[in-house]
Amino acid sequence: MLPLAGGLFMIILRDPELARKAGIISAKAQILTGSADWGTYLNFLAQGTGIGGFALCSFILIWIFGREFSDRTVKDLLALPTSRTVIVLGKFVVFLVWSALLVVWACLLGLLVGAAVNLPPAPASVLIQGLLTFLVTALLTVWVSLPFALAASVWRGYLAAAGLTFLVVILAQVLVILGWGEYFPWAVAALYAFQAAEGNVSLGGVSYGIVILTGLAGAVCTLLWWELADQSR
Amino acid sequence: MPPAIQTDRLVKRYAKVTAVNQVSLRVEPGEIYAFVGLNGAGKTTTIRLLLGMVKPTAGEIWLLGKKLQMGGAKPWDKVGYLVETPEAYPELTVRQNLEAMRRLRPGCPIKAVDEIIEKLGLTPYADRRAGAISYGNLQRLGLAKALLHSPTLLILDEPANGLDPAGIVEIRELLHRLARQEGVTVFMSSHILAEVARLANRIGIIHEGRLIQELDMETLERNRQRRLLVQARDLLRAQAALAAAGYQVGATPQGGLEIRDARAIQNPEEIATMLVQAGAPPTGLVLEEEELEHYFLRLIGQAGGEAA
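Top to bottom, those sequences are chains W and S.
Here the first sequence is numbered in my numbering, starting from 111 and rising by one per residue.
Here the second sequence is numbered in my numbering, starting from 7 and rising by one per residue.
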């Protein structure tokens with residue numbers, strides 16, 4: 111979806127009058143700032159990943175873990191020769207593989223759509239920098255989603271964990287506006303993408319450290335919870 | 007050979023509720039042990055404790071000679087289980103569900119899936135989605151998952167739940183066969199004493215978290231109350247004759263006489279002869295055995311301090 115939306119914005123940016131006449135946008139529309147080129151387009155993809163990608167990744171993870179509780183199949187996984195740790199790690203591996211495939215898919219589709227909407231040729235350095243920003247944003251987004259496996263497990267299903275995702279997205283927006291975004295792990299990926307678009311990444315090691323620790327803590331706590339918590343339902 | 011299951015003063019408390027209270031069990035290899043209690047008596051919690059799904063508040067558990075510890079290595083490759091209601095991945099077929107379970111049990115051969123499908127009568131439903139099969143067949147699928155890897159210890163929570171009468175007989179025969187021919191130990195829970203009495207070697211009765219009685223089938227038979235019901239045209243004369251012979255005679259609500267004396271119960275023909283000689287020949291003589299359900303309710307009533 112994101113590359114297609116990006117392609118649409120590039121068409122609009124390139125010729126707003128034509129877009130108005132074709133009815134794609136309202137006559138009163140406030141057009142995005144920027145120009146229709148590869149740099150703007152790839153930055154748009156990275157920023158979209160920073161905001162929407164987190165919700166997508168957390169929903170995937172919530173589904174992978176939460177389904178065992180919603181379908182009540184978790185009890186079949188608790189007394190097996192395959193340890194609970196291996197089962198949880200297996201679920202994380204599936205999540206990471208799916209996420210990696212999604213990132214690759216979004217990259218390829220992004221390049222394809224960019225070429226299809228006839229973006230003007232750009233130097234290789236612009237493409238590499240744009241893709242690198244996109245990949246780093248995606249990596250931060252995927253990693254910071256890991257604690258939602260714990261939320262889906264502790265709350266035994268999809269609903270509460272999905273609600274938490276929405277809450278975290280809203281909280282991230284508020285904290286960014288208040289200037290605390292760099293210390294809120296779920297705001298760091300989007301902040302990075304926006305700052306990279308402006309060519310001035312000011313996030314410090316603390317922000318990246320918070321993201322790494324949050325993901326790690328989420329994964330470790332999920333493992334411990336599956337191994338040690340009472341499974342009485 | 008160590009016991010298949012052994013627990014030592016097992017306790018599980020949830021806040022102020024004691025779900026399992028000082029339960030010490032010992033189930034020998036090859037035995038069919040039925041764990042009977044009302045809903046909420048502590049059966050499922052005990053089973054979850056045995057399977058390491060919940061931590062005991064106190065007490066210890068040994069399964070197949072190994073002490074159970076949360077998070078530790080356990081003998082699960084030899085244990086099959088079914089806890090509470092059977093569940094399966096609804097979008098996968100019966101066969102795919104079993105295949106998923108097989109892969110989680112290293113060493114379980116590929117052919118085991120087809121074999122268990124046939125054994126549990128699931129062949130017509132093998133390629134149907136688990137979400138679209140009846141509760142009875144879902145129960146069969148749950149049992150198939152428990153039996154897939156030919157375990158030496160089966161822990162089953164209400165295995166006959168949702169099965170039709172033919173299915174109940176089928177599962178009973180299957181468990182009998184597994185215990186007798188393959189030496190599989192079966193620990194099963196039920197809230198219906200009569201259902202398990204035909205199958206089990208030994209029965210443990212749990213009430214309000216406590217194991218109130220453990221008995222083998224002979225003891226169960228001995229403990230059940232029996233009475234001899236007497237009908238005669240001249241009940242007054244019959245009652246007088248029986249009382250004169252030293253029997254404690256009571257009246258039944260249906261208008262007959264009842265004798266609970268062991269001598270009369272063991273020799274009803276003597277009662278018949280005596281009544282004929284006394285000029286009050288019996289028109290009916292029935293040896294009635296206490297229903298298992300009544301026995302069960304009487305027992306838990308005593309445990310609860312009230313008359314059943």
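Treat the hints with care, as some may be off.
[Stated by the list, open to error] Under the rule of at most 20 Å between Cα atoms (straight-line distance), these lysine to aspartate or glutamate pairs were calculated in the EDC-like manner:
| no. | chain 1 | residue 1 | chain 2 | residue 2 |
| --- | --- | --- | --- | --- |
| 1 | S | 72 | S | 120 |
| 2 | S | 61 | S | 90 |
| 3 | S | 73 | S | 97 |
| 4 | S | 117 | S | 105 |
| 5 | S | 22 | W | 340 |
| 6 | S | 125 | S | 188 |
| 7 | W | 201 | S | 105 |
| 8 | W | 201 | S | 97 |
| 9 | S | 125 | S | 105 |
| 10 | S | 72 | W | 337 |
| 11 | S | 73 | W | 337 |
| 12 | S | 22 | S | 227 |
| 13 | S | 61 | W | 181 |
| 14 | S | 73 | W | 147 |
| 15 | S | 84 | S | 37 |
| 16 | S | 72 | S | 83 |
| 17 | S | 61 | W | 337 |
These are computed hints drawn from the structure, not numbers from a lab.
| For which of the previously enumerated hints does the structure constitute a violation, in increasing order of number? | 1, 3, 12, 13, 14
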